[in-house]
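In this text, residue positions in the sequence shown follow our numbering: the first is 93, and each later residue adds one.
Since the hints were made in silico from the structure, they are not lab data.
Warning: the hint list may mix true and false statements.
[To be verified] Straight-line C-alpha distance at most 20 Å; calculated EDC-like pairs for lysine to aspartate or glutamate:
1) Lys-218 to Asp-110
2) Lys-218 to Glu-136
3) Lys-218 to Glu-104
4) Lys-218 to Asp-144
Just so we're clear, the structure is a prediction, and the values are computed from it rather than from any experiment.
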Amino acid sequence: MSVVVAHLSTPEGREALDSAATEAVRRGTELVVVVTESSSATPELVAAHEDDLRRVEERLAGTGATLRREQGTSDLADDLVSAAERASAELIVIGLRRRSPVGKLILGSNAQRILLDAPCPVLAVKPERAARS
Numbered sequence: 093m094s095v096v097v098a099h100l101s102t103p104e105g106r107e108a109l110d111s112a113a114t115e116a117v118r119r120g121t122e123l124v125v126v127v128t129e130s131s132s133a134t135p136e137l138v139a140a141h142e143d144d145l146r147r148v149e150e151r152l153a154g155t156g157a158t159l160r161r162e163q164g165t166s167d168l169a170d171d172l173v174s175a176a177e178r179a180s181a182e183l184i185v186i187g188l189r190r191r192s193p194v195g196k197l198i199l200g201s202n203a204q205r206i207l208l209d210a211p212c213p214v215l216a217v218k219p220e221r222a223a224r225s
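Generate the whole structure from the sequences, applying the supplied hints.
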């Protein structure tokens with residue numbers, strides 16, 4: 093059993109990663125982080141991504157939870173659902189952000205596909221700052 097999350101170096105991605113780590117510790121299980129880096133990622137973005145993962149590894153140390161990275165493709169929804177199926181996941185964690193009505197139509201498809209295709213429950217989180225606005 094495991095908790096599965098995709099990591100993106102965005103506020104939503106960091107919140108999803110932090111929440112997934114909390115769930116993995118609470119459950120004493122493996123945290124599977126699906127890494128989906130764009131080929132156009134800058135060195136700064138790659139460094140921020142590595143810092144986020146290093147921070148989570150330190151947080152998991154000594155808790156009974158472990159971290160495993162999986163390399164994804166450019167299809168985030170398929171990557172998460174496939175990783176969850178392979179890992180017999182208990183939970184998938186995704187980060188969300190507020191969108192305009194048009195943005196919801198055009199860009200909300202990943203979250204919708206994950207929710208509809210997931211083989212397990214899905215926890216959707218948003219950054220703390222967004223939760224207060």
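For the pair we were handed, Lys-218 and Glu-104, check the Cα-Cα distance against 20 Å. 6 Å, holds
For the pair supplied as a hint, Lys-218 and Asp-110, confirm whether the alpha-carbon distance does not exceed 20 Å. The hint holds at about 11 Å.
Below or equal to 20 Å on CA atoms is what counts here, so check Lys-218 against Asp-144. Judged against 20 Å, a Cα distance of about 17 Å means the pair holds.
Would you check the hint for Lys-218 and Glu-136, treating anything up to 20 Å between C-alpha atoms as holding? Answer violated: Lys-218 to Glu-136 is near 23 Å, above 20 Å.
Checked against the numbered hints above, the structure breaks only hint 2 and satisfies the rest.
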